[in-house]
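Colleague: Sequence:
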Amino acid sequence: MIHLDYSSSNPIYLQIKENIKKLILSGGLQENEPLPSVRTLASTLAINVNTVIRAYRELETEGYIYSMQGKGNFVSKIDDIKDREHYLGEKIVSLVKEANEINVSKKELIELLNKVYNELESEK
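So the sequence shown is residues 0 to 123, counted in numbering that gives the first Met the number 0.
Hints in this document: simulated from the structure, not taken from any laboratory. You may find that some hints are simply not true.
Unchecked claim - Straight-line C-alpha distance at most 30 angstroms; calculated DSSO-like pairs for lysine-lysine:
no., residue 1, residue 2
1, 21, 90
2, 20, 105
3, 123, 70
4, 81, 96
5, 76, 90
Just so you know, these numbers come straight off a predicted model, no measurement behind them.
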């Protein structure tokens with residue numbers, strides 16, 4: 000379900016948050032489906048409970064999940080198209096900024112994107 004990269008510069012709570020967002024947007028987690036309890040997920044991932052609490056709190060703030068006192072955390076209803084576009088938009092902005100910082104042209108970036116996309120399509 001959730002995979003962490005301990006060698007990544009991204010904090011663990013952000014990795015948890017991104018993993019759960021992807022699961023929701025891809026349909027891996029359905030509307031009103033319960034998430035693992037904070038303690039269960041922390042135990043499974045061998046991390047501090049506060050790390051999971053922070054990830055869940057940010058997901059709730061962004062509208063991906065909701066909590067019910069004494070019941071747990073659940074997947075919110077997601078407007079698929081809008082949220083997918085927003086999610087990808089954030090990733091694309093970050094990618095374009097990084098490419099710009101290392102002097103990759105728009106044309107080169109588009110060619111690379113097409114190459115990677117085609118490789119992934121051929122793996123299906």
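Colleague: Please write out, lowest number first, the hints stated earlier that are contradicted by the structure.
Modeller: 3
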